[in-house]
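Model the full structure from these sequences, guided by the hints.
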Amino acid sequence: MKWYAGIDAGSTYVKAVLIDSDKKIHGYKIAPTGIDVRNTAKILLNEICRDDGICFEDINTVMSTGYSRRQIDVAHENITEIKAHAAGALWTAPEGEKVRTIIDIGGQDSKVIVISEKGEVKNFVMNDKCAAGTGRFLEALARVLELSVVEIGPLSLKSKSPCRINSTCVVFAESEVISLLARGKKPMDIIAGVHRSLAKRISEMARKAGLESDILLAGGGGLNPGLVSAFEDELMMDVYVACNPQLNGAIGAALIAGNSNKPQPEARLKTD
Amino acid sequence: MNKEIKGRTDRNQLQGRIDRFARGIARSSEMVLTELEENPDRPNNLDYFIDLMRDVFVRNRWAERFMQYADNKKIIGIYCMMVPEEIIYAAGAIPVRFSGGSYEASCVGDEHVPRDTCPVVKASVGSMYMGYPSPCEICDVLIVPTTCDAKRKMGEELSRHKEVWMLEVPHIKDNEDSKRKWLQQLYGLKRNIEKYTGRGFIGSKIGRKELDASIRVIGRAQYEARRLYEIRKSPMPVVSGREAALVFNAYCYDTAPEWTKAISRLNDELETRCRNGFSVCKKDIPRILLAGCPSVFPNWKIPFLIEEMGAVIVADESCTGDRYLYDPVGVTEKTMTGMMTGIAARYLMPCVCPSFAPNEDRLYRLLQMSEEFGVDGIIYHVLKGCVIYDFELIRVEKTLKEKDIPVLRIETDYNPEDIEQLRTRIEAFVEMLVTKKTKT
Amino acid sequence: MDITRLRWSTQIVSFFVLLLGGTIGISLGFFLPTLSCPYVGQSRGGDCFLLNLQFNLAAADWVRYKVLGLHFLYFSLLIVILGRSWCGWICPFGFIQDVLDLIRRKLRIGYISFSERFRDRLRWIKWAFLFIALLVPLWVAFPFLAPEVAADLRQPFCQLCPARYVLPLVVGNPGEVAVNFKSATTITMTVLGLSLAIGTIIGAMVKRRFWCPYCPMGLLISLYRKISFIKLKKDCQKCTMCEVCYNVCPVEIKQVFKEREKEDVTFGDCILCLRCIEDCPEDGVLRADFLGKTVYRSTNKGFFQRKYNIPIKKNHDE
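Residue numbers (this note's numbering), protein chains in the order written: chain A, 1 to 272; chain B, 273 to 712; chain C, 713 to 1030.
If you're looking for bench data, these hints aren't it; they were derived computationally from the structure.
Mixed in with the good hints there might be a few duds.
[As the list claims (entries may be wrong)] Derived DEER-like restraints, expressed as beta-carbon distance ranges:
{"#": "1", "chain 1": "C", "residue 1": "Gly1004", "chain 2": "B", "residue 2": "Met508", "range": "33 to 39 Å"}
{"#": "2", "chain 1": "A", "residue 1": "Glu77", "chain 2": "C", "residue 2": "Val1007", "range": "55 to 61 Å"}
{"#": "3", "chain 1": "C", "residue 1": "Val1007", "chain 2": "B", "residue 2": "Gln693", "range": "55 to 61 Å"}
{"#": "4", "chain 1": "A", "residue 1": "Glu77", "chain 2": "B", "residue 2": "Lys425", "range": "46 to 52 Å"}
{"#": "5", "chain 1": "C", "residue 1": "Glu828", "chain 2": "B", "residue 2": "Pro688", "range": "50 to 56 Å"}
{"#": "6", "chain 1": "C", "residue 1": "Phe941", "chain 2": "B", "residue 2": "Arg463", "range": "49 to 55 Å"}
{"#": "7", "chain 1": "B", "residue 1": "Asn311", "chain 2": "C", "residue 2": "Gly1004", "range": "48 to 54 Å"}
{"#": "8", "chain 1": "B", "residue 1": "Pro688", "chain 2": "A", "residue 2": "Phe172", "range": "23 to 29 Å"}
{"#": "9", "chain 1": "A", "residue 1": "Glu77", "chain 2": "B", "residue 2": "Asp313", "range": "22 to 28 Å"}
{"#": "10", "chain 1": "B", "residue 1": "Asp421", "chain 2": "C", "residue 2": "Phe941", "range": "51 to 57 Å"}
{"#": "11", "chain 1": "B", "residue 1": "Lys425", "chain 2": "C", "residue 2": "Val1007", "range": "50 to 56 Å"}
{"#": "12", "chain 1": "B", "residue 1": "Pro529", "chain 2": "C", "residue 2": "Ile715", "range": "29 to 35 Å"}
{"#": "13", "chain 1": "B", "residue 1": "Asp449", "chain 2": "C", "residue 2": "Val725", "range": "42 to 48 Å"}
[What the hints assert, rightly or not] Derived PhoX-like pairs (lysine-lysine); straight-line CA-CA distance at most 25 Å:
{"#": "14", "chain 1": "C", "residue 1": "Lys1013", "chain 2": "B", "residue 2": "Lys533"}
{"#": "15", "chain 1": "A", "residue 1": "Lys200", "chain 2": "B", "residue 2": "Lys656"}
{"#": "16", "chain 1": "C", "residue 1": "Lys970", "chain 2": "B", "residue 2": "Lys670"}
{"#": "17", "chain 1": "C", "residue 1": "Lys945", "chain 2": "C", "residue 2": "Lys970"}
{"#": "18", "chain 1": "B", "residue 1": "Lys709", "chain 2": "B", "residue 2": "Lys670"}
{"#": "19", "chain 1": "C", "residue 1": "Lys966", "chain 2": "B", "residue 2": "Lys453"}
{"#": "20", "chain 1": "A", "residue 1": "Lys122", "chain 2": "B", "residue 2": "Lys675"}
{"#": "21", "chain 1": "A", "residue 1": "Lys118", "chain 2": "B", "residue 2": "Lys445"}
{"#": "22", "chain 1": "C", "residue 1": "Lys974", "chain 2": "B", "residue 2": "Lys675"}
{"#": "23", "chain 1": "B", "residue 1": "Lys656", "chain 2": "A", "residue 2": "Lys129"}
{"#": "24", "chain 1": "B", "residue 1": "Lys453", "chain 2": "B", "residue 2": "Lys606"}
{"#": "25", "chain 1": "B", "residue 1": "Lys445", "chain 2": "C", "residue 2": "Lys974"}
{"#": "26", "chain 1": "B", "residue 1": "Lys673", "chain 2": "C", "residue 2": "Lys950"}
{"#": "27", "chain 1": "B", "residue 1": "Lys445", "chain 2": "C", "residue 2": "Lys950"}
{"#": "28", "chain 1": "A", "residue 1": "Lys186", "chain 2": "A", "residue 2": "Lys160"}
{"#": "29", "chain 1": "B", "residue 1": "Lys711", "chain 2": "A", "residue 2": "Lys122"}
{"#": "30", "chain 1": "A", "residue 1": "Lys122", "chain 2": "B", "residue 2": "Lys555"}
{"#": "31", "chain 1": "C", "residue 1": "Lys970", "chain 2": "B", "residue 2": "Lys453"}
{"#": "32", "chain 1": "B", "residue 1": "Lys708", "chain 2": "A", "residue 2": "Lys122"}
{"#": "33", "chain 1": "A", "residue 1": "Lys208", "chain 2": "B", "residue 2": "Lys656"}
{"#": "34", "chain 1": "A", "residue 1": "Lys118", "chain 2": "B", "residue 2": "Lys711"}
For clarity, every value in this text was computed on a predicted model and none was experimentally measured.
Note that the Cβ used here is the ideal one computed from N, Cα and C, for glycine as well.
The following block contains the structure:
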């Protein structure tokens, strides 16, 4: 029995997944990145190993991905999130559904990846320059409305007439939201408009990438039912979300680690 | 559009600024050249070109090195690749192709041109205002072809500081009237050059012999360029794309005979490498065709990134790359009419700059290059503000999809701040190609 | 392979064989698809088919018509084998035009080219000549109208053809260069023909192969181009559209340059002189095929060697 681990070192959260050679998940952990991503990754991996009753050295290959993938010194190799998400999507997809597009809404970036039926990347478009298409957008505007990130999704679903948010920049959108509140608009309508605005922006990107059904929503954004609904409305297609959508990248990385057929390397650094 | 040559009066006041500007360009150029020198596998004869660019951009020794080749000490600045250098050489002058490539220059240019202009034009304007590298200061006349919007307005802008001759390039090539007009433009250019170089009167015009000689000189340069092109087709690359790109960029500042000698030696060395089976890359490395906007020295951001991420650029379709010296002049007979017709045909017809519309020929060119070089993927470089290259992307993607060759669009400018974002995209693209290659 | 030298040699040999071969007993027949003018006299080595055609058509005799039919078959066979390279490589009148062109080049005189529109407007001339050669002899054979005029129009095209006046002169027989004062008809025809001849000679000194786009013999040959054994072919994807083939073409064919889809670029006006292949700077874009097998193709190295005298470096693996 061989073990493989995938670490998705994002800018906001680090996700780690442990799988075995039968592609079953044995454990996973998510933690905020903090200022020392190396340490966070190490701690997460060690915790998973401890919970599953194996040693760190038993892990055959650790594959890292995500923005800080190169800094993870416990990892043996690294790949881009594009490749990782594509691999993860095939696994995360609901049984029997063919997933062709992955929309990943992360903390500080978002991507649309179009894959073939074998899971090979056909095309991808990234937005990593502007926060208005990322989780940061939702966080910032939730804060203005004094709501938590967990609340905004279900609240937005209750809205019957979402507001239109015109600003394309997070900072200016904050001002716009404040003025909408002053004009007496209800927070649920405002937040629904915020979701809509994000979905619209990403959908434009997705169309440029040549998206095809079926669509899988991954990343932290997948936890937000309001966002799922906004995407479905905007793209006019069904959008699937797996449970634990933030793990898609880490799962993909672990799966690729499992396929790489490398002999067990020497033990790496231990944690203190 | 012949303006009086304005005096360079306010230069002295700007001297401090110019010095800092020159130091900035020298710094970024030196960084690129040092990184090229760090490669132990580089061909020995590449050092001529590295040294040349150092003389131009870092040591500021262009005049000492090249004025000796101008019979009548006249330097004519040109832009794009539609200006016939044969006529300039025939008059005993030297052409220097100014395409702006430095970030510092584009920052200066930003003060004079709109924000959304392409960085090549911004940098060209910036360099010309600051007078660095030195040929910018020394040349007295610029020939600007009316290719794209930005170039046309750049010509107008620069005419406030130097004499500018606009060369009207017909945008619709396939038209007898256009061709006749283009030939007339070239005859007019020839007359202007004769006057400028003091050859206005009977007996001292650019004669048949001189024109024939300069066609031959550039013909030899084109022959050597073709040799390098053929060498890069080899299945095991013997020279990396970032090094080969320097060779053509150097041609902009060098004189044709000297450059020809240098590239001939380089070609000999590379052919020896081919014969001995020496390669600079590992097997099955993804082969990339770099298409789109040019990477002008010292903007080596994209060539460096692509090759860092584990691919090799085997061909460069841009106008400072393989396209620059590809087409030779086909002279039907050695009369002045014959030679000028041949030159006019060469500088207009096979040119696939997207400023021409329609530009179907470029698709054929890309298809042919992809086949000949065994290209795995195309990286389509779009500079911010360049509408025409971006416009053609969709058709390029569609056409190459039929050959199962993926295309990645990279939009950037001269600012080095977006390297990380570009890195992720290029890395993902290269990963895609590697996966594809190992599966087939 | 130096095609230019080969072509000149072939043209010189043909010139002597066709116009002077008779003196050593050469007789190639009366059905040659080239302007090998019989009016040259006894010294000729073969006859232009057009004279044969007009002579026999005017005969109104079934035996003669059968002979004509047989000769037409031989004529067709010769065309199918060599295509319009009869014009580019063998025709003595074409040779004369090429010589005049050479003189022009040595004197450094530029050349005239007609615009496309103008060329299109002159297309009807060769058809007019062909119809004169076909229909007027039939009128002579069955003169239902103005028989005395018909009687003087036995070889109507030959009375107009510039080769008939020029070639005998070149061989030393100036007798043909004269107006025939027999009747008003003959005066008109010979004056027209002489004017045409003078015009063609002057034209050939400022425009390459001045006569060839209007030649009815050339028109006849071009009708066979789809079945002829020699074809001009193009690799349209590889073509860089440099326009050199158009500039170098003596009969100013634009379609070879413009073709982007079909492989077969043997057009009606093409005299198969192969200058376009010689001057094409890309490998394998233009080629001449004989029965499907390539006999001459364009090469980049060949281009540089011919135009710029750059010797082809022999690598160890070449």
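Hint check, failures only: Hint check: 21 fails alone, others pass.
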